[in-house]
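Produce the entire structure from the sequences given, and follow the hints as far as they go.
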Amino acid sequence: MQVGRRNRTILALLICASLASGCANLGAVREFAASSATMTGYKAVTEHYVSSADRQLADLPPDKRFDSTRKNLWTLKAVTAQDKETLLKLHAITTGYMTALAQLAGEDAYSISPQIKQVSGAIQASESLKINADHVSAYSNIAQRVADWALAAKQAKDVKQMVRQNGVDMDKLLEAMQLATQAYRIVLEQEIQSYELVADYRQAQWSAKLPGDAGLTPERREVIATVLRRSTQADLAAQQQALKAQQVAAAGLDRVRQAHEVMLKNVDRLSAKDVQAILRQASSDLKSIRQSISDL
Numbered sequence: 001m002q003v004g005r006r007n008r009t010i011l012a013l014l015i016c017a018s019l020a021s022g023c024a025n026l027g028a029v030r031e032f033a034a035s036s037a038t039m040t041g042y043k044a045v046t047e048h049y050v051s052s053a054d055r056q057l058a059d060l061p062p063d064k065r066f067d068s069t070r071k072n073l074w075t076l077k078a079v080t081a082q083d084k085e086t087l088l089k090l091h092a093i094t095t096g097y098m099t100a101l102a103q104l105a106g107e108d109a110y111s112i113s114p115q116i117k118q119v120s121g122a123i124q125a126s127e128s129l130k131i132n133a134d135h136v137s138a139y140s141n142i143a144q145r146v147a148d149w150a151l152a153a154k155q156a157k158d159v160k161q162m163v164r165q166n167g168v169d170m171d172k173l174l175e176a177m178q179l180a181t182q183a184y185r186i187v188l189e190q191e192i193q194s195y196e197l198v199a200d201y202r203q204a205q206w207s208a209k210l211p212g213d214a215g216l217t218p219e220r221r222e223v224i225a226t227v228l229r230r231s232t233q234a235d236l237a238a239q240q241q242a243l244k245a246q247q248v249a250a251a252g253l254d255r256v257r258q259a260h261e262v263m264l265k266n267v268d269r270l271s272a273k274d275v276q277a278i279l280r281q282a283s284s285d286l287k288s289i290r291q292s293i294s295d296l
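Per the numbering used here, the sequence shown starts with residue 1, numbered consecutively.
Treat the hints as calculated values from the structure; they're not laboratory data. Ideal Cβ positions, reconstructed from N, Cα and C, are used throughout, including at glycine. Do not take every clue at face value.
[Unchecked claim] Below, a list of computed lysine to aspartate or glutamate pairs in the DMTMM-like style, where the Cα atoms sit at most 25 Å apart:
| hint | residue 1 | residue 2 |
| --- | --- | --- |
| 1 | Lys265 | Asp285 |
| 2 | Lys71 | Asp54 |
| 3 | Lys89 | Asp54 |
| 4 | Lys244 | Asp200 |
| 5 | Lys160 | Glu107 |
| 6 | Lys43 | Glu107 |
| 7 | Lys43 | Glu175 |
| 8 | Lys89 | Glu107 |
[To be verified] Taking CB as the label site, the calculated pair distances span:
| hint | residue 1 | residue 2 | range |
| --- | --- | --- | --- |
| 9 | Pro62 | Leu264 | 50 to 58 Å |
| 10 | Ser137 | Asp274 | 38 to 46 Å |
| 11 | Gln240 | Gln281 | 28 to 36 Å |
| 12 | Pro62 | Gln165 | 52 to 60 Å |
Written out as structure tokens, the structure reads:
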């Protein structure tokens, strides 16, 4: 009877260990969530987008030919001012979710070492019972492993629950951020086109010969034109950099959403090798995307 009970206990522990080891390998989830929490420059691109109208209005000449452009820019300014809070809240909630998920899947998220120490002392060596130090050590080892297995199973269950409960809504928020970055691109491209028109206008103003220009020698006029030209080149280069940053941020968002979709669809098999491989590749891709942002 005792042998049968002991065998059943051992079998139950082995099953528990198998289940825990099959579910609790959350390293790939942790890496992906932690990597996604930075959102690959989305916030910086958002700030640049919402300030676009102000930059263009500041550069716009007072000439009446730009009145229509000025009116459109005031409309854009009102729209972006209204949308700014929403855009930054989208960033905050998605990065907050990913940070929380990374912490939940963390190696130290479930730790009961003080309790383990208490359990370790639950039995003592006894000369009368022939229980020696080796028996006490074996008990302590088993107690810790069983606790670890139980905690690993609970951690895996909690991570799954978080992904399952929030995954669909999270996908919608990522979609909203993708749509926002597409709008950023349109505005930033328009800003470049507008700047080029303004630069051509200013160049023409300095090149034209007007009454009373006798004091402005050809040499001085050429110096001013050169300064304007170089300034224009520098400004256009900065605008192109901003456009590249938008493209990189959009690529990062696409990668996060793709991998998150895989995680959601495979929420019951997060420790499967193919799922882990996809999440780790996504983490690696996001690191490369962030590096490309720092290289801009």
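Going through the hints against the structure:
{"no.": "1", "hint": "Lys265 with Asp285", "result": "20 Å, holds"}
{"no.": "2", "hint": "Lys71 with Asp54", "result": "12 Å, holds"}
{"no.": "3", "hint": "Lys89 with Asp54", "result": "22 Å, holds"}
{"no.": "4", "hint": "Lys244 with Asp200", "result": "24 Å, holds"}
{"no.": "5", "hint": "Lys160 with Glu107", "result": "16 Å, holds"}
{"no.": "6", "hint": "Lys43 with Glu107", "result": "29 Å, violated"}
{"no.": "7", "hint": "Lys43 with Glu175", "result": "16 Å, holds"}
{"no.": "8", "hint": "Lys89 with Glu107", "result": "29 Å, violated"}
{"no.": "9", "hint": "Pro62 with Leu264: 50 to 58 Å", "result": "54 Å, holds"}
{"no.": "10", "hint": "Ser137 with Asp274: 38 to 46 Å", "result": "40 Å, holds"}
{"no.": "11", "hint": "Gln240 with Gln281: 28 to 36 Å", "result": "30 Å, holds"}
{"no.": "12", "hint": "Pro62 with Gln165: 52 to 60 Å", "result": "56 Å, holds"}
Violated hints, in rising order: 6, 8; the structure is consistent with all others.
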